[in-house]
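Q: With chain A held as given, fit chain B onto it using these hints.
Line order of the protein sequences matches chains A and B. Count along the first sequence from 1, add 926, and you get the number used in our numbering. Count along the second sequence from 1, add 453, and you get the number used in our numbering.
Because the hints were derived from the structure by calculation, they are not lab data. Cβ coordinates follow ideal geometry from the N, Cα and C atoms, glycine included. Accuracy of the hints is not assured; some may be wrong.
To be verified - Chain B is nowhere near these chain A residues, computed Cβ spacing over 10 Å in every case:
#, residue
1, THR985
2, PRO1018
3, GLY1025
4, GLY1036
5, ARG1050
6, MET1069
7, ALA1079
8, ARG1087
9, LEU1089
Claimed, not checked - Pulled from the structure, derived: some chain A residues nowhere near chain B, Cβ distances all over 12 Å:
#, residue
10, ARG948
11, ASP958
12, GLN959
13, ILE961
14, ILE963
15, ARG982
16, ASN1000
17, PHE1015
18, GLY1016
19, PRO1019
20, GLU1047
21, ARG1051
22, SER1074
23, GLY1076
24, MET1078
25, ASP1090
What the hints assert, rightly or not - Result set (SDA-like, lysine to any residue): computed pairs, CA atoms no more than 20 Å apart in a straight line:
#, chain 1, residue 1, chain 2, residue 2
26, B, LYS583, A, GLY1036
27, B, LYS458, B, ARG503
28, B, LYS524, A, ARG1087
29, B, LYS570, A, ALA1080
30, B, LYS570, A, SER1070
31, B, LYS583, A, SER1070
32, B, LYS583, A, LEU1034
33, B, LYS570, A, ALA1079
34, B, LYS583, A, ALA1080
35, B, LYS570, A, LEU1061
36, B, LYS570, B, ILE558
37, B, LYS524, A, GLU978
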Amino acid sequence: MPLRGRREKQDVIDPAAPGSLRVRAIKLEDLDQVIAIDADITGLKKVDYWYELFHRYGTRGLQQRFFLVAESDNAIKGFIVGEVRDWEFGSPPCGWVFGISVRGDARLAGVGSRLLEAVCECFRRAGVNIVRTLLARDNHLVMSFFRSQGMMAAPFIALERDLD
Amino acid sequence: MKLQKNTSIALCSILQAASDPTRQISAADIASKFGVSLHHLGKVLRQLGRAGMVESARGVGGGYRFSGNAKRLTLMDVIDLFESISALPAESGGKEYKTDVGRAIARVLSEIDETAKATFRSISIDTMLKLIERDRHARETRPQGRGR
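Isolated chain A (complex conformation):
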């Protein structure tokens, strides 16, 4: 995967916003809270997965991979993971959001919107102007969120088959 130089300090991506919510790059000490938020939503505590993701997206200082958290009152309220991918699926470079989660008790307060806007700003700075995501058809909650942010169906169709 081509790289685009070193990442600028991500704290500066925090857009002006009401309250004390701050969006910034993840730190190692945030990871337990991220794992807990994900486990609360999915019912699975995927410790190895999140550490691996942290090392791939949170520490390399590359301008194409982004792992951001939303913090308020010294607690992580949500997180988002995204990456700029070049020419995948025949597409010109674009930003992909791989995951977004917001703590149940922090929803309906604009946390998800702030996270998405922050990662989109990272994508813009990386030189792309389209953001995409992929999610389960029955994930109504998250699909409604992305729709509410103006996202529309992409000109792609996900396909699969059993390998048995």
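A: Just chain B now, kept in the frame of chain A:
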């Protein structure tokens, strides 16, 4: 995909009313704006009223007002009142769909159904209002002579 006339009228009416929930809008205004008969519209509005999506007020200045939750109410909720979304023909219980060929066709059609339903379920009235506003803004700010 094509929605039935009643469904289209219902969606237009809901979106028109939800664009300003504080305002009563007359059935005549809706009928005129969307080019539908008042009689036809009346039936649709009554059904929307029974579902709690609009409320009506009689008398001078009366009309219909959006009474749902725009962030929660989805296009699918409205559509469900009037029709069942399905790419499968109504006679899909017929003999041809009990054959290998028919079952394969039904499987492809059900893919279309599921995608359509997921799309309608994911779009709230509030999201639609934003989409309408965005499209309007894009039209107004598009340079002259660059129509599409």
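Q: Hint by hint, say whether it matches the structure.
A: Results of checking the hints against the structure:
no.	hint	result
1	THR985	holds (34 Å)
2	PRO1018	holds (20 Å)
3	GLY1025	holds (18 Å)
4	GLY1036	holds (13 Å)
5	ARG1050	holds (18 Å)
6	MET1069	violated (4 Å)
7	ALA1079	violated (7 Å)
8	ARG1087	holds (13 Å)
9	LEU1089	holds (19 Å)
10	ARG948	holds (25 Å)
11	ASP958	holds (32 Å)
12	GLN959	holds (27 Å)
13	ILE961	holds (28 Å)
14	ILE963	holds (22 Å)
15	ARG982	holds (29 Å)
16	ASN1000	holds (30 Å)
17	PHE1015	holds (18 Å)
18	GLY1016	holds (21 Å)
19	PRO1019	holds (24 Å)
20	GLU1047	holds (19 Å)
21	ARG1051	holds (23 Å)
22	SER1074	violated (5 Å)
23	GLY1076	violated (7 Å)
24	MET1078	violated (8 Å)
25	ASP1090	holds (18 Å)
26	LYS583(B) / GLY1036(A)	holds (16 Å)
27	LYS458(B) / ARG503(B)	holds (19 Å)
28	LYS524(B) / ARG1087(A)	violated (36 Å)
29	LYS570(B) / ALA1080(A)	holds (17 Å)
30	LYS570(B) / SER1070(A)	holds (13 Å)
31	LYS583(B) / SER1070(A)	holds (13 Å)
32	LYS583(B) / LEU1034(A)	holds (17 Å)
33	LYS570(B) / ALA1079(A)	holds (13 Å)
34	LYS583(B) / ALA1080(A)	holds (18 Å)
35	LYS570(B) / LEU1061(A)	holds (15 Å)
36	LYS570(B) / ILE558(B)	holds (19 Å)
37	LYS524(B) / GLU978(A)	violated (36 Å)
In the structure shown, a violation is registered for the earlier hints numbered 6, 7, 22, 23, 24, 28, 37, in ascending order.
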